[in-house]
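Build out the structure end to end from the sequences listed, making use of the hints.
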Amino acid sequence: MTSIITGQPGPTERAPAASLLRFATAGSVDDGKSTLVGRLLHDSKSVLADQLEAVEHASRHRGTEGPDLALLTDGLRAEREQGITIDVAYRYFATPRRRFILADTPGHVQYTRNMVTGASTAELAVVLVDARNGVVEQTRRHAAVAALLRVPHIVLAVNKMDLVDYAEPVFAAIAEEFSAYVASLGIPGWSTVSTSGAAGAAGSADAWCTAIPISALAGDNVVAPSANMDWYGGPTVLEHLETVPVVADPARDVARFPVQYVIRPQSAEHPDYRGYAGQVASGVLRVGQPVVVLPSGRESVIEGIDALGDPVDAAWAPQSVTLRLADDLDVSRGDLIAPADAAPASTQDVAATVCHVADRPLRVGDRVLLKHTTRTVKAIVKDIPSRLTLDDLSQHPAPGELAANDIGQVVLRTAQPLALDTYAASRRTGSFLLIDPADGTTLTAGMAGEAFAAGPAESGARPGGDPERGV
Amino acid sequence: MTPPASVGADTDNPYALAHLDALESEAVHIFREVAGEFERPVILFSGGKDSIVMLHLALKAFTPAPVPFALLHVDTGHNFPEVIDYRDRVAERHGLRLHVASVQEFIDRGELRERPDGTRNPLQTVPLLDAIEKNRFDAVFGGGRRDEEKARAKERVFSLRDEFGGWDPRRQRPELWQLYNGRHSPGEHVRVFPLSNWTELDVWQYIEREKIDLPAIYYAHEREVFSRSGMWLAPGEWGGPREGERVERRLVRYRTVGDMSCTGAVDSQAATISQVIEEIAASRLTERGATRADDKLSEAAMEDRKREGYF
Chain A
1 MTSIITGQPG PTERAPAASL LRFATAGSVD DGKSTLVGRL LHDSKSVLAD QLEAVEHASR
61 HRGTEGPDLA LLTDGLRAER EQGITIDVAY RYFATPRRRF ILADTPGHVQ YTRNMVTGAS
121 TAELAVVLVD ARNGVVEQTR RHAAVAALLR VPHIVLAVNK MDLVDYAEPV FAAIAEEFSA
181 YVASLGIPGW STVSTSGAAG AAGSADAWCT AIPISALAGD NVVAPSANMD WYGGPTVLEH
241 LETVPVVADP ARDVARFPVQ YVIRPQSAEH PDYRGYAGQV ASGVLRVGQP VVVLPSGRES
301 VIEGIDALGD PVDAAWAPQS VTLRLADDLD VSRGDLIAPA DAAPASTQDV AATVCHVADR
361 PLRVGDRVLL KHTTRTVKAI VKDIPSRLTL DDLSQHPAPG ELAANDIGQV VLRTAQPLAL
421 DTYAASRRTG SFLLIDPADG TTLTAGMAGE AFAAGPAESG ARPGGDPERG V
Chain B
1001 MTPPASVGAD TDNPYALAHL DALESEAVHI FREVAGEFER PVILFSGGKD SIVMLHLALK
1061 AFTPAPVPFA LLHVDTGHNF PEVIDYRDRV AERHGLRLHV ASVQEFIDRG ELRERPDGTR
1121 NPLQTVPLLD AIEKNRFDAV FGGGRRDEEK ARAKERVFSL RDEFGGWDPR RQRPELWQLY
1181 NGRHSPGEHV RVFPLSNWTE LDVWQYIERE KIDLPAIYYA HEREVFSRSG MWLAPGEWGG
1241 PREGERVERR LVRYRTVGDM SCTGAVDSQA ATISQVIEEI AASRLTERGA TRADDKLSEA
1301 AMEDRKREGY F
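So the sequence lines, in the order shown, correspond to chains A and B.
To convert, note that position 134 of the first sequence is 134 in our numbering; the numbers rise steadily by one, no gaps.
To convert, note that position 274 of the second sequence is 1274 in our numbering; the numbers rise steadily by one, no gaps.
It is worth saying that the hints were derived from the structure and are not from the lab.
Note that the coordinates shown come from a computational prediction; the quantities given were computed from them, not determined experimentally.
Heads up, a few of these hints could be off.
If the Cβ cut is set under 10 angstroms, some of the chain B residues that face chain A in the computed set are [to be verified]:
#1 Leu-1023
#2 Gly-1110
#3 Ala-1131
#4 Gln-1178
#5 Trp-1198
From chain B, some residues computed to sit far from chain A (all C-beta separations above 10 angstroms) [stated by the list, open to error]:
#6 Asp-1021
#7 Thr-1063
#8 Ile-1084
#9 Leu-1098
#10 Ile-1107
#11 Lys-1154
#12 Phe-1164
#13 Glu-1175
#14 Phe-1226
#15 Arg-1228
#16 Val-1247
#17 Ala-1271
#18 Gln-1275
Heads up, the beta-carbon is just placed ideally off N, CA and C, and yes, glycines get one too.
Here you go:
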C-alpha cells in the first residue's frame, strides 16, 4: 500500500489497537450527571492542567469552594450563566483499554429529543438516578428511550449513595424496580438486570442492563472501587465501560450497502473504473458474492472490493469501501446493494415509531422529505395512529399531531419505493429522518416497525425476513 | 491523556475495528455524503495537521478518482513561510484548485482594521465569509475537532450557518444516527467537520500510521523566539518582539499552526512522529491551552467567534 500524500510505502501490517465505545449519559436535572461526567474525565486523568485551571478560575469567580466539575462539561455561555446544560455535547477520553466517545445529553425540558440524539449512535447508555428518590418518571423515560433506540447496553447508575449511608437495601430495591420496568418494555432477551452484588459480576457484561451504586461527588465506584460499599462486588462504571463487549458479530447480520457516490475517474490510468462508494451498513460482503441492486432489482456479482485504495476480499460494517460489480448496471446514489438471496422488500408504505424533534408539530397530511440511508424521497404523513406516553407506555389513539419531544406511531406514503428494514433488525437501514422541504429543518427521527416488541420477537431478528416490518 | 494502548478489548473478534479504522471509516463516509449532496463544496486548508489529515482522508475517499473539491486557505498574511510552501506544493501535487482569501488584502483596501494587539486570527472571519459568498460554496469542510475546546464540543458534524455565517448553538439540528441533514436555503451554507470525533492523539497516531508528510515546524527545531503572556512566539513582520521582549534561540516545535501572532511554540525535543506522540501523551496541557493566545481572551472566546462565522 502506498501513502497517497507522501507517495511512500505505507504500513503493511496494522497492529491491534484500542477499540472505540460510543456511549450516552442521561439523567434528570440534579441527578448529578455533570458531576459524574466530570468525575469520569477527571479521575481517568483526561482533564489537563489548563482545563482544570480554567474550571478552578471559573469556580472561584462564582464564589464556589473548590473546582466545580460540572463546569468541565457546561461549555456554552448560556449554560454557565444558567447553570444548566442546553444541548448534547460530545466528550472524548481514553484508557489503555479503550477510547470513549461520550454523548453528554442534558436531562431538562428538551430531554427526549436530546436523549434520542445521543442514543442514536450509542452502544451503551448510562441512566442516572438519585438514590434518595429511586426510580422516578424521568428514569422510566430514559430507559424507554434507550430501549426504543435499541441501545445494546444500559448502565443504571444509582448515584448519591453517600446520602443514603451507602445502604445496600436502598440500592437493591432501586435495581429491582428498574429491572421490572425494563422487563415491561417487552424487549426479549434484553430484560436482564445484573446488580452485580455479592454474587459477583459474573455474566454482567452480557446483560442488557447493569446496575452500579455510586457517588459521583465522592468518587465511589466511578473510577476507583468504593471502600464504603463492601457489599458490592461488581465493576466500577469505568471498568464496565472498558469491558462491555461492543462489537456485534457482523457475520450474523444480512449485508446492506447503501450507495453513496459513484467513483468514475475516466482517466488514462483508470479508463473503465466504475466503483460504488459507501459504508457497509450491516453484515459482511465478499468478492464473488451474488448481489441485487435496489430498487431496480438487477442482479450482478461483486467483482472487487476496494478498501480506500487497497483491494480486499471482504468488507463488513461499518467499513467505508468501494464495490465493483461484474456487470455494467445503472447504479447511483440512493440505491441499495444487498445479497441476491436476502434483499429487503421495497415499500412505499411505511409504518414507524417516531420521535418528533422540531418545535413545529407534525400533522396528518404534512408533505415532508424522508431521508433513509443515502436516499431522500417525498412523503406524506397519512396517519398518526397513536402517541406514546413514556411514563407508563400507554398509547393515546389518534392524537392528530405530534409536538416537540413526542413519541408516536406514524404511517407514511412515499413517492418512490424504499428498501427499508425494520429498526429492530437494523439500526442503520431501519432508521430515517423526516425533513421540512421548505427550509430543511429536521422534523422527526423515524424507526421503521413497531416500537416495543408487542409479541415475542426473535432475539436474532435480522434484516430481511422480519415479520414485524412496516405495513 | 492516557498513553495509547497497543492491545484493545475486542482483539479476539476478527471483525473488530481498531479505533483509527472506525474514525477513518466515519470521516470517509462524511466526505462522500458531501460529494453526493452538495453542489460546491470546498476544504478549508491551512497547511496545519488537521487540514492535512482531512485532505488525506478525502484523497482516500475518492481514490482512484481525484478529490472532487477545491481548497480554500484564509491567509492572515502572518503565516509561517514553511506552511505556505507546503500548502502550494500539496495543491500542485494533487492538481487541486486553491482559493486564497487574504486578510492583508482586506486591510490594504481598508475593509478590515488591524487590532491593537496585532493578532489577526479573529480577522479571518470576514475574508472567509466573503470567499464563501463570492464562490457560492455551499459546504465548507473544516478540520475542527470537538476535543479542542468546550464550545466545539457542542458542534454538529453538519453545522448549518445562516447567511451571515453565524452559528447559533441553541438552534442546531439534532444529528441522528449517521443521517446527516445538509439541506440549506440559498445564502446559507453548511460547515462540515469530518474530524469531529478525533482527538489530538488520534490525529497524530493516524499521521504515524499513514506516514503523512507534515510541515517541518511540527517537529523540534531551533528557532528564535521571545516570550509573551507565557508563550514562545516567533519574531516576524507581524509585530513581534516589542520593546522589552528579548529574543532567544530555543529548541521548540508547534502543536498547532495558525497565525504567527497568536500561535505559540512549545519547548520540545520531539523530532519524530513517535516522539511527538509520546510527548503529547505525557503533556498536561491541551493543544489550544498550550499554544493559542486567542482562546484566552475570554472564557467564551471560541464560542463568540464561532457565532460570528469563524470556523
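Contradicted hints - numbers only: 2, 3, 6, 7, 11, 13
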